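Number of protein chains: 2
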Amino acid sequence: MNKKISIKKIAELSGVSVATVSRVINNNGRFSEETRKKVLKVIRENNYQTNNVAKSLRMHKSYTVGILVPDITNPFFSNTVQIIEKNLFEKGYSTIICNTARSRDKELEYVKILESKIVDGLIVISGFKTFDRKNLPDDLPVICIDRSPADSTIAFVGSDHYEGAVMATEFLLAETENLAIVKHDEQSSSGSERVRGFEETLFKEKVEKFGSLIVSNGSQNDQQKQIKKFLQDEMNGSKQPLGVFALSDTLAANILLVAHDLSIKVPKQLKIMGFDDSPIASYCSPQLTTIRQNEILLAKEASGKLIKLMNGENLARDEIVKKIPVQLIVRGTT
Amino acid sequence: MNKKISIKKIAELSGVSVATVSRVINNNGRFSEETRKKVLKVIRENNYQTNNVAKSLRMHKSYTVGILVPDITNPFFSNTVQIIEKNLFEKGYSTIICNTARSRDKELEYVKILESKIVDGLIVISGFKTFDRKNLPDDLPVICIDRSPADSTIAFVGSDHYEGAVMATEFLLAETENLAIVKHDEQSSSGSERVRGFEETLFKEKVEKFGSLIVSNGSQNDQQKQIKKFLQDEMNGSKQPLGVFALSDTLAANILLVAHDLSIKVPKQLKIMGFDDSPIASYCSPQLTTIRQNEILLAKEASGKLIKLMNGENLARDEIVKKIPVQLIVRGTT
DNA sequence: CTGAAAGCGCTTACAG
DNA sequence: CTGAAAGCGCTTACAG
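Going down the list, the sequences are from chains A and B.
Numbering-wise (our numbering), the first sequence opens with residue 1 and increments by one.
Numbering-wise (our numbering), the second sequence opens with residue 1001 and increments by one.
The reader is advised that the hints may include incorrect statements.
To be verified - Below, computed lysine-lysine pairings styled on DSSO-like, alpha-carbon distance capped at 27 Å:
no., chain 1, residue 1, chain 2, residue 2
1, B, Lys1308, A, Lys61
2, B, Lys1061, B, Lys1308
3, A, Lys9, B, Lys1055
4, A, Lys37, A, Lys9
5, A, Lys4, B, Lys1228
What the hints assert, rightly or not - Beyond 12 Å from chain A on every Cβ pair, some chain B residues (computed):
no., residue
6, His1060
7, Ile1097
8, Lys1106
9, Lys1112
10, Glu1175
11, Glu1208
12, Lys1268
13, Pro1279
14, Asp1318
15, Val1321
As the list claims (entries may be wrong) - Pairwise CB distance ranges (calculated):
no., chain 1, residue 1, chain 2, residue 2, range
16, B, Arg1104, A, Asp233, 50 to 58 Å
17, A, Gly304, B, Lys1300, 34 to 42 Å
18, B, Val1330, A, Met235, 27 to 35 Å
19, B, Lys1037, A, Asn27, 47 to 55 Å
Hints were generated in silico from the structure; no laboratory data involved.
This one's a predicted model, so the numbers in the text were calculated from it and none came from an experiment.
Where is the CB? At the ideal position from N, CA and C, for every residue including glycine.
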C-alpha cells in the first residue's frame, strides 16, 4: 500500500470540491446521488482513509478514551480493562491503555499525555487510595473504578468489597470461631473495605480475638516464609480449626502452599478464604473458596456511564456511586 | 482547572507572536533570554499544555505507537506489553494497546484506526499464524512479536520455541522413554514450533511411539474431562512413568489437577512439563517444571528495534529476525 | 446541490 | 531576535 491520500486529492480526482467530498464521507449536507457515487468510487479505488488527527483537531472530538491502570498484569485489572475496551469499541471509541505502575509521577505524566491527545473521556482504576482530578479540565468526563475519587462529584464504580468481606467472614464463622486475617502490606481503598467488613462482622458476632498477619511485599518465597511463621504460631495447640480470610487469592494460594509444606490438612485443620476469583484460584489444589468480583457488570457500568457523560448527558444523583455485588464461590479450601 | 489554553492566547498574554511562543516551547530557533523568561512565566501561570493533536497534524509525527495484542488477559502477553510500554514511555512515546480478541475483523479494524490516528509505529503480537502488512502504508515501521510475518522483510522477535521444546523433551527423555504431548486445539506459529521441537527430538533419539492429545477449547471442566480420559488410557498397564509435555502451563496445570483426582503420583508415576512459566506455574502443588520465556529481553528487542525504525534508521540484515533464548525451570512436577 | 473560505492549534521557512 | 503567513487535513456556516 502506498502513502496516505487526502480529501483534497479525492476532490481533484472526482472533479468536485473538498467540501463536497467531506459531505459525502460524512453523509451530511446535500449532494446528488450522482456525485455521491462518483466520489465513493474514487475513494474506494484509492483506498482513502480519513485522517483522524485532522478530524479531531477540527471537531474537538477524538473518539478516543484513556484508561489508567495501575498494573495490567493483574488479572482483575486486565479482565476489566479488556471488557471496557470491548464495550467502548462497539460504540466507536478506541482505547488508550496506560500502565501507571502504581507511580504517582507516571500517573500524572500519563494524565498530561492523554489530555494533550485530547481524549474524550477518562477511566481511572485504583492504585492509590484516592484520585485527584484537579489536574484535569473541568469538562472532561471521568469515571473512577475501584478507587474512591477525592472529589465526590466524580462518578465511581466498584465492587462491594465490604459486603464481600462480610459474606466471607460469616461463612468462615459458621465453621469455626478461630479466625485470622492475612493482608498485604499496602492497602488500597478496596483493601480497607475488606478489612472493615471482616472486623465489623466479628464485632457483631461478638468474636473478640482473631489472628492477624501483614505480609510485606517481596518474592513469593519471602511471603511464604512470613506465612509459615504465622501458621506455625497460630496452629499451635488450638483445638478448633483455623479459618483464614486472605485479602487476595494470591495470598490465599501462598497460604495453601505453606499448609501443604507443613502437612496441615486443608480444609480439615485449616480453612482458607480468598478474594477475587483470579485464575490461580482454579489451579490450586484444592481449589480456592473465594469471593468473585463481577468484572462484566463493573465494566458495563463504567463504560456505560462514561459514554453517557461523553454524550453530554448528566448522571442522576443516585448514579454517581455504584456498588457492584460480589459472589461467594465455595470450593475446596473451606 | 479550566478549559484548555492555546499558544495564541499565550502569545497575546506575553505580548509576542505565536511563532515566538512556539520557538520558546520547543527551544528551537533564536530568541532573547528575556522573551524566553517572559513567555515561560505566562505558560506556567496559565498551565498551558501543548495540543498534541495539532502538533501531530503539523509534524506528521505523533509520538504514539500502537500495539496489537490478541488477548490482554494472557499473562505472557500482558507482561510483554507492560515492559514494551515502559521502554517506549522512557523514549517519549505513549502506547495505544488494542485488544484484537483473536478476531481477523477486529485486527483489521484496529489497524485502520491506528493508522488514521497516525501512529508512528506498530507492534503486532501473534494471534494468527501470520500477519499481513499489505493493508499498511509501506513506510510505517512494524515489528512482529511471536508471530511470523507473511512478508519476510518485516522485523520479527520471538522466543526460541523450538529450542525450548527440545530442552523440555530431552529433559523428560532422561527420565523416561514413555512420552506424550498435549496440545491446544488451535495452533499458533509458536505452538507449531514447540510441536516440531518435541517430534524432532524424539526422532533423533529414536523414540518411535508417543502419546498425543489435542484438548479442544472449552471450560476448564471440559478440558479436564478430555485429559482424564487420556490419562486413564495412557497410564494403563505401563511400567515406566509417563512423561507429558504440555504445550502451555494452563494445560500442564489441568493435567496436574486431574492426576490428583485420579490419585496418580506426580512426579513419581507422572512427570509434567509446562511451557511459559506463567503465574499459575508457581501456585500449583507441586509447582510446575516449565520453560520460561524471557519477556524482558523480548520486549527490549522489540521496542529497541521499533525506535530504530521510527528514527529512520534501517535494520541490518541479521537484525530482521531475532530468536530469544528460553530457560528450563526445574520444579516439582518432574 | 455545490464551492470558496475560515478555522481547529500548531510549526517553520521566509523576510526583515 | 522576531513576526506574518502558509499549511498540515479536515468540517461547516455562508453564499449562491
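Identify every previously stated hint that the structure contradicts and give their numbers, smallest first. The structure breaks hints 1, 5, 6, 7, 8, 9, 13; every other hint is satisfied.
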